[in-house]
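Numbering follows our numbering, in which position 166 of the sequence shown is assigned residue number 166; successive positions increment by one, without gaps.
Don't read these hints as lab results, they were simulated from the structure. Keep in mind that this is a model prediction, so the values were computed, not measured. Among these hints, one or two may not hold up.
As the list claims (entries may be wrong) - Here are the computed distance ranges between Cβ atoms for each label pair:
#, residue 1, residue 2, range
1, 101, 159, 13 to 21 Å
2, 214, 62, 39 to 47 Å
3, 428, 401, 39 to 47 Å
4, 210, 344, 33 to 41 Å
Built from N, CA and C at the ideal position, the CB exists for glycine as well.
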Amino acid sequence: MGGEFKDECGVFGLSLKDRSDYMVRHMFLGLFSLQHRGQESCGISYETDDGIEVVKSRGLVSGDFLENLPKNVSSKIAVGHVRYATCGASNLINAQPLIFKSNKGDVAIAHNGNLPNSERLKRDLLLKGAIFQTTSDSEILIHLMSMLPGSDFETSLIDSLKTLEGAYAMLVMSNDKLIAFRDPQGFRPLSYGFINEGVVFSSETAALTIIGAHDITTVKPGELIVCSNGAIIKKIDLSGGQKPAQCVFELIYFARPDSVVFDEAVYQFRLRVGRKLAQNRHKDTDLVIPVPDSGNVSALGFSRESGIPFDLSLMRNHYTGRTFIKPGQQLREDSVKMKLNPVATEIRGKTLSIIDDSLVRGTTSKKIVKMLREAGAKEVHVYLASPEIIGSCYYGINTPTTDELISAQNKPVEIAKIIGADSVTFLSVADLKECLTDSNAFCYACFNREYPTTIDELSCKGCF
Numbered sequence: 001m002g003g004e005f006k007d008e009c010g011v012f013g014l015s016l017k018d019r020s021d022y023m024v025r026h027m028f029l030g031l032f033s034l035q036h037r038g039q040e041s042c043g044i045s046y047e048t049d050d051g052i053e054v055v056k057s058r059g060l061v062s063g064d065f066l067e068n069l070p071k072n073v074s075s076k077i078a079v080g081h082v083r084y085a086t087c088g089a090s091n092l093i094n095a096q097p098l099i100f101k102s103n104k105g106d107v108a109i110a111h112n113g114n115l116p117n118s119e120r121l122k123r124d125l126l127l128k129g130a131i132f133q134t135t136s137d138s139e140i141l142i143h144l145m146s147m148l149p150g151s152d153f154e155t156s157l158i159d160s161l162k163t164l165e166g167a168y169a170m171l172v173m174s175n176d177k178l179i180a181f182r183d184p185q186g187f188r189p190l191s192y193g194f195i196n197e198g199v200v201f202s203s204e205t206a207a208l209t210i211i212g213a214h215d216i217t218t219v220k221p222g223e224l225i226v227c228s229n230g231a232i233i234k235k236i237d238l239s240g241g242q243k244p245a246q247c248v249f250e251l252i253y254f255a256r257p258d259s260v261v262f263d264e265a266v267y268q269f270r271l272r273v274g275r276k277l278a279q280n281r282h283k284d285t286d287l288v289i290p291v292p293d294s295g296n297v298s299a300l301g302f303s304r305e306s307g308i309p310f311d312l313s314l315m316r317n318h319y320t321g322r323t324f325i326k327p328g329q330q331l332r333e334d335s336v337k338m339k340l341n342p343v344a345t346e347i348r349g350k351t352l353s354i355i356d357d358s359l360v361r362g363t364t365s366k367k368i369v370k371m372l373r374e375a376g377a378k379e380v381h382v383y384l385a386s387p388e389i390i391g392s393c394y395y396g397i398n399t400p401t402t403d404e405l406i407s408a409q410n411k412p413v414e415i416a417k418i419i420g421a422d423s424v425t426f427l428s429v430a431d432l433k434e435c436l437t438d439s440n441a442f443c444y445a446c447f448n449r450e451y452p453t454t455i456d457e458l459s460c461k462g463c464f
């Protein structure tokens, strides 16, 4: 609740008709718009006469990274990344884009997702003589490409993708091409649009609209798009007829409300979820209050459906970032105190319906309920805009082990006692599916432990 099952990474890239100093501006605005997807590190790679260069920095796009960006560089291909660690340590060497010199030429890669079969692949590659420079599973693709005969960048990339399993929305660049692709089941989102100078790709459409992109389209699951000189020159279908398994938490939490993800308008989806929750409410309370910012739109839908006044009496300090993507439990707990504060004058003596996106460990929610009680709330009823989370994610999301998931060990009545609430109500899986345009195209493994791929336990151990 309030940031316990959050975030992943974001990718952004472009191919321009001509070398332009617009590259830096577009890349900065794009990554800045994806900041919510990762705050540990950020970076861009871009082509030059001397090969591919890279700029990386710890922290935010608006921090040291902005100061380190090249000011007078003209380039026609670039990829960028904002990161938090799923697999691989949280340090700058694992920050992306990863750049390599190989027998296929200079290659840079930006990856959103996680490869559940990464340890098996890495073990095989090590036996064949591969030397890994990072602990990121994204590096595996580069070594797979290097092991293949021939020197063609595009062909080796396509052949290497056939051995990967799991979640990957990737941007890979050479000195003259930008290739974008999603895994055959489409776990992670990727969209593209067009600007006057060329074609642009992003994890979310919000980062495309901010730079004026038009004709925005979703990269389909299993689709690979090759770009050169600011134009799409080839599209290849690598889906193999696999059933899509898009991450429903992109809609519940990860994506910005002003984005369209998996062809779903996020804002409208969250309104529908809020209305569903209101239809199953226990009682009419005095106020409907979101846990900002993830609960805002669902709370609005709840208020509209129930007729209970919407109120912003739980204030967020936006300078603290998101609690879930901060490494380490102690930092998460400290962040809760710094991040949220109730408005006692509005809460005192009132019954409250508190709306948030999810409940994972229960650490954050317990602190929030305590703060509301101390501010004088008469009753606190907690509503979650997702079903009970009972399984870990192995597809690029920073989730706890099953033993740490509060819903895996307790029923809602017991959870209410643990966090100090008067009641806890989850969205049902059936109601969640009713809020989706195509419910068969999504992954629900964190709610039912029915994983759409084989899980390599060695790969998952310690990744989350």
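Comparing the hints with the structure gives:
The hinted range of 13 to 21 Å is satisfied by residue 101 and residue 159, whose Cβ atoms lie roughly 20 Å apart. The supplied range of 39 to 47 Å is broken by residue 214 and residue 62, whose beta-carbon atoms lie about 26 Å from each other. Hint check: residue 428 to residue 401, Cβ distance near 25 Å, so the stated range 39 to 47 Å is violated. Our hint of 33 to 41 Å for residue 210 and residue 344 holds, since their Cβ atoms are close to 37 Å apart.
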